Amino acid sequence: MFAEKLSPLIRNHPDEAEGLRRLASFIQGYESQGGEALPRIRLNPNRMFDIMQAGTSAHLAILINILVTGQIIKRFLIVRCPSGEGLPFQSYGDIPEIVRDPGMDAEFEVLAANVEPTYRLVLD
Amino acid sequence: MLSDDDQKLAKILFGLLKNATSQAVVKEFLRTKGIPVSAQNWDDLYEKRIEPALKDKKLALKDLRDLLQQVEEFGKQHSFLFQCTEERAIGLLSPARIASIAAAEGLSGLFTHPLDLEMPDEATIVDIRLYRPDPQKTPVSLTIKVVESRDINRLSAVETDPATGELIRRYATTKKRAVNIVHLDHTGLLEFRIASQDNQAKKYSELLWVLKNKVRKFLPDDGFAEVSLSPAKNKILRERDNLSQEIRYSNSTARNEFGAQMQITSASVDENLSSDEGSMSALDRFLERDGEVTGANIYVKLPDSDPPRELRLLISGERNEFAVTVACSAGEYEYVRGKVIAFNT
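So the sequence lines, in the order shown, correspond to chains A and B. The first sequence begins at 1 in the working numbering and counts up by one. The second sequence begins at 1 in the working numbering and counts up by one.
Among the hints, erroneous ones may be present.
Pairs of lysine to aspartate or glutamate residues, derived as EDC-like cross-links and limited to a Cα-Cα distance of at most 20 Å, are as follows [said to hold, decoys possible]: (1) B:K58 / B:E28; (2) B:K176 / B:E166; (3) B:K202 / A:E109; (4) B:K203 / B:E226; (5) B:K203 / A:D124; (6) B:K203 / A:E16; (7) B:K235 / A:E97; (8) B:K202 / A:D50; (9) B:K176 / B:E73; (10) B:K202 / A:E116; (11) A:K74 / B:E257; (12) B:K27 / B:D44.
Which residues of chain A face chain B? A partial, calculated answer using Cβ under 8 Å [unchecked claim]: (13) R42; (14) R47; (15) F49; (16) D50; (17) T56; (18) P82; (19) S83; (20) A113; (21) V115; (22) P117; (23) T118.
Please keep in mind that the hints were generated in silico from the structure rather than gathered at the bench. All figures in this text were calculated on a predicted structure; none of them were measured in a lab. Note that CB positions come from ideal geometry on N, CA and C, so glycine has one too.
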C-alpha cells in the first residue's frame with residue numbers, strides 16, 4: 001500500500017529519493033508482517049532521521065515536509081508530563097499553558113521542552 | 001622582573017585558573033616545573049609560589065595559559081559531532097583561508113596573542129589555533145575558543161504580596177564565565193563543545209545554534225552531516241557483557257516504534273545497573289521487539305588510573321550529542337570521545 005503512495009513522491013523528488021526509499025523499506029517491513037502494527041507506529045524526528053539517514057536537520061525537515069504534504073504521515077504533538085505520561089494534541093495552538101499530569105494528579109506548566117512532535121502513518 | 005603588564009596578565013590568568021580548577025591541579029602542575037607548592041590558600045599560592053617563579057623565570061605566562069587551556073577546555077561540556085569529507089576538511093583548514101578570514105574579522109592577533117577575557121559582554125572568539133606540526137603538510141586541526149558570560153539565576157526569596165495576594169519569587173543573578181570550544185580535525189570530524197550550564201536555562205541545541213553562528217565564517221554548515229550516536233547507544237546495551245571491563249551503567253532509556261518508552265535507573269549513581277539481571281532482561285526484551293536505545297548514561301573506566309577513576313558519560317539529548325559532565329584532562333576527554341566514536345561504528 002505505502003509503496004504505491006510513496007512511488008510518485010520518489011519520482012517527483014529525485015534529490016530526496018534515497019531517504020524516501022529507506023522509509024518505504026521500513027514501512028514495508030511492517031506490511032509484510034500482516035500490517036496490524038501499522039496504525040500503532042509512532043515515529044519521532046530522531047527515529048525518522050536514522051531511518052532515512054537524513055544527514056542534517058535541514059534535510060530531515062525537507063523529507064518530513066514531503067511526507068506530510070504527500071499524506072504519508074501526519075503530525076501530532078505529545079506533551080510529556082513529569083510522570084512520563086503523554087497527552088496528545090493536534091497542534092501547538094491546542095496546548096494550554098497549564099495541564100494536569102494524569103500520572104501525578106497535579107498541574108504543571110508546559111514548556112517547549114515538554115512537547116514532542118510525533119508522526120503516525122496516514123491509513124485512511 | 002615582571003613588567004606591570006605581565007603582572008596584570010599573570011593575575012588575570014591566575015584568577016581564571018582559580019575559577020576553572022582546584023588547588024590540587026595547579027600544585028601538581030607546579031611540581032612538574034620543580035616549583036615548591038606548599039601554601040595555605042589560593043592567595044598564598046600565588047604570592048609565595050607563582051609570582052616569585054614568574055619573576056625568576058622558572059615559570060612563564062605561557063605556562064599558565066597552557067594550563068588554563070588544559071583545565072577549562074575539556075570536561076563539563078556537552079559535545080555535538082558533525083562530519084565532512086577529508087577533502088572538505090583539508091580545504092577548510094587551509095592556513096591561507098583561515099588567515100584571510102581572521103584578518104577580515106579583525107582576529108589576526110589571536111594567532112599569537114589569545115585574549116584573556118574574564119567576563120566578556122558578549123560571546124567572544126578569544127583564541128584561534130591551527131595545529132600544524134609539520135609545516136610541509138596540511139594542518140592537523142583547527143581549534144576556536146569562544147568565551148561568554150552566562151547569567152545564573154538562583155532563587156533567593158519567596159514572598160506573598162499582602163496587597164494583591166500574588167506569590168513573588170525573587171532571584172539573585174550572578175555572572176559566570178563559560179568556555180566553548182569548536183574543533184575540526186583533518187579527518188573531517190567537527191566537534192562543538194559547549195560548557196555545561198548551572199541552571200538548565202536553555203536547551204543545549206539552542207546554545208549550539210548560537211555557537212555555530214559565531215564561527216560560521218570559519219566553519220560554514222555546508223558539507224557537514226550530523227553524526228547520529230544511535231549505533232553507540234544500542235551497542236553499549238547489546239554488548240554490555242563484552243564491555244563490562246570498560247564501562248558501568250547507571251541509566252538507560254529506550255523507545256519503540258509505537259512510541260512506548262522505557263527507563264531503567266540504578267538505585268544510586270554508585271551502583272552498576274548491568275549487574276541487575278531483571279532490569280537488563282526487561283530492557284533486552286523491549287529492544288528485541290522494535291525498540292531502540294534513546295539514552296545511555298554510563299561511567300567510563302579510565303585505564304591505568306590509580307586510584308581507579310571513572311568519568312561520567314551521557315549519550316543522550318540530541319542525536320549527535322554526548323556529554324562529559326565532570327572536569328577532566330585533555331587525555332581523559334580524548335579517551336572518552338574515542339570510546340564514543342568506537343562504540344558508534
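Legend entry - Straight-line alpha-carbon gap B:K203 to A:E16, limit 20 Å: violated, 29 Å
Inset, instruction - Verify the proposed pairing of B:K202 with A:E109, using a straight-line Cα cut of 20 Å. - result: With Cα atoms ~16 Å apart, B:K202 and A:E109 stay inside 20 Å; holds.
Legend entry - Cut-off 8 Å, beta-carbon criterion: hint that A:V115 touches chain B: At 12 Å from the nearest chain B Cβ, A:V115 fails the 8 Å test, so the hint is violated.
Inset, instruction - Measure nothing beyond the straight line between the CA atoms of B:K176 and B:E73; if it is 20 Å or shorter, mark the hint as holding. - result: holds, 15 Å
Legend entry - Status of the hint placing A:A113 at chain B (closest C-beta pair under 8 Å): holds, 6 Å
Legend entry - Evaluation of the interface hint that places A:T118 against chain B, nearest CB under 8 Å: With a closest approach of 6 Å, the A:T118 hint holds.
Inset, instruction - Take the C-alpha atoms of B:K203 and A:D124, compute the straight-line distance between them, and say whether it is at most 20 Å. - result: Violated: B:K203 and A:D124 sit about 37 Å apart, past 20 Å.
Inset, instruction - Verify the interface restraint on A:R47: the C-beta must sit less than 8 Å from at least one C-beta of chain B. - result: holds, 7 Å
Legend entry - Holds or violated: B:K176 to B:E166, with C-alpha atoms at most 20 Å apart: At roughly 31 Å apart (the allowed maximum being 20 Å), B:E166 and B:K176 break the hint.
Legend entry - Interface hint outcome for A:P82 [beta carbon to chain B under 8 Å]: violated, 13 Å
Inset, instruction - Grab the minimum C-beta distance from A:P117 to chain B and call the hint holds if it beats 8 Å, violated otherwise. - result: violated, 12 Å
Inset, instruction - Let me know if the C-beta of A:D50 comes in closer than 8 Å to any C-beta of chain B, holds or violated. - result: holds, 5 Å
Of the hints listed earlier, those the structure fails to meet are numbers 2, 5, 6, 7, 8, 18, 19, 21, 22, in rising order.
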